[in-house]
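Trainee: Listed below are the residues making up each chain.
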Amino acid sequence: MKNAYRASSNIRFASVIAISIGMGLLGTTAGSAADKVGVSMPNVKGPWFTPVLYGISDEAKKLGYDVIIQDAGGYANVDKQVSQFSNLVVQKVGAILVDPANPASFNGVVREAKASKVFVVGAGSPIAASDVEADAAASSSHCNIGHELAKGAKILLPNGGTMAILAGPAGAFWASDRLRCFKEDLAGGNLKIVAEQTSEQDPAIALSLANDFLQRFPTVDLMYGADDTYGVGVARAVQGAQKCGKVKVLFAVLGEAAEEMMRAGCADYVVAQQPVKIGRSAVVMMDALVKGKPLEKKKDEVPLVPVTPANLNSIDKTGMQAPKGWTP
Amino acid sequence: MRVSDNPGRVVPELDERFTPVSFLRRHSREIGLPLIVLLMVVVFSISSDVFLSAPNFRNIGVSAAALAAVSFGQTFAILTAGLDLSVGSIVALVSIVGALVMRSHGIPAGILAALATGAAVGLVNGIVITRFKVFPFIATLAMMSVVSGLALSLSGGVAVTGVPTAFGDLAYQRILEIPVPVIMAAAVLVVAFLVLRYTRLGRRIFAVGGNEEAARLSGIEVGRIKLAAYMMSGICAAVGSIILTARVASGQPSLGATLPLESVAAVVLGGISLFGGRGSIIGVAFGVLFISILSNGLNLLNVPSYTQMMLIGAALILAVALDQGFGGGRAGRGH
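Same order as they appear, the protein sequences are chains A and B. Sequential numbering from 1 applies to the first sequence in my numbering. Sequential numbering from 1 applies to the second sequence in my numbering.
For the record, the hints were derived by calculation from the structure and aren't laboratory data. Ideal placement from N, C-alpha and C gives every residue a C-beta, glycine not left out. All the given hints hold, so there is nothing to weed out.
These stretches of chain A come out as covered by chain B in the derived footprint (C-beta under 8 Å, 3 or more residues):
#1 78-92
#2 96-107
#3 169-182
Using the sequences and the accompanying hints, generate a full structural model.
Mentor: Structure follows, in structure tokens:
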């Protein structure tokens, strides 16, 4: 009797938990396929993704769309992002806005999406897959970012010097593209790379790596960060070593923390993208596709803005940053 | 039993009559997890209008296939009272090696190289554990780091693209409407089942895990059996990697990062004892289904990934607690 009582109380307890989980999970928003748009990103956190998602969410809300955001949890989780993309196709969304961790991995699922009449729009990436054309794309060219960073390096070190590179996450094509074009522009010149390392996109890891570089190369002239997660880590390391202004700091993307470091005199040149504008543009193009309207252009290359302490206060940042406190 | 007023008729006492609870207690290990999986299917079918559809089930199957292959391999290691934490990095290394070889020498050579790499890493794991007497947890944790570094070195930290298109297409092809990756995982399941149930190696794996000293005293070469178990784990991880590499159509140096934890979770959920020596590979298949269906269902319901992590952990605790509650700690049957 005791055993039966214990077992039945276990059943009741387990049922309550199961039902609670079930009830907690209920509440899918009902809506037609055309009202839903999917977003597939490697990450949703950080100074790049937050403003992109703000731009997407805000513009999509104005146009009457429900946004389903799928986050793979990191650039290393390429297979997870591919699976999530497939899930969005199954959910029969009208379109998918995607920033692929690695475009070579998305050919199959983008083909599946097109076969299911789901539009695919690059958001923050000029391509959705390496061999299958996206229906539209809004981004800045990563290679152009690399060219602008090289320009910045030459401005900061007109007489040449040594550089240490925080190259970004291993395997992330956006980071490798930027660095490739950066190096191409500097090849044969008087700027020499003395150290280069990839690492996880984490500010603490970037700070630690930058500190290691400063220890190993105390006379390094410039440090490069693939984006502002890395750049801010570098700037903080330079600040900690009391070398602001002596070691030049150069990176892409102007988030709030990057702006702070520039005001503190520890970040010298930032190639700012306009992620909010990119997000908005991707949604506008998506809306045109879904409604069958003609597109003005299939690829919107959103301009880059070089930012230095001289123009920091005068540039328009509404295209670069989400409102303070906004989270996806 | 007691004799009723009606002579010749024996009436069972109240406790011995069939009740759902007593039935569940008697067969908890066999049907506990399948019941939970069924419950999840019902809940998600009610909550999402696309869950119960052929495209979604195909998605679940394809997503689960790599985890399934890796989990079946992990089963061999855990049955010997060990653990293989290097499965994730084996997947990454095999992905790179397979892609590099495939690019230059074609698909069959690439697949052979992939399987050989998985077996080689498994062999090294086995040697470190049996010859150098390093605990499996430490040995495979260290190998995880070594093999990850090797994968990143070989690839230069970037994806290896240019694999033959036919290989990438494998992940999206179907035979009789069943995705090829699902068929591959099912094949691994069948082989693992046959090995564990019908071969001497399988019986000896259970014996070594159940009581290593007794196995040794009865003449079983424990070292060789463990070596074989870790090689099987490595080969199964290689199959998982082939599935994932086809899915992403490139060699990825950081593929499979979540697989060590997920595969151990699937194996434990499936009823394999972490102390070795008992459990069922069929249970592991249900463990894989549990994780895959839960993840798919939560994605369809647009549950944020951070919330998913909490829910998946809570669901795991619930499933194991239910199993413990009905099972009452009795030993299960192994096959």
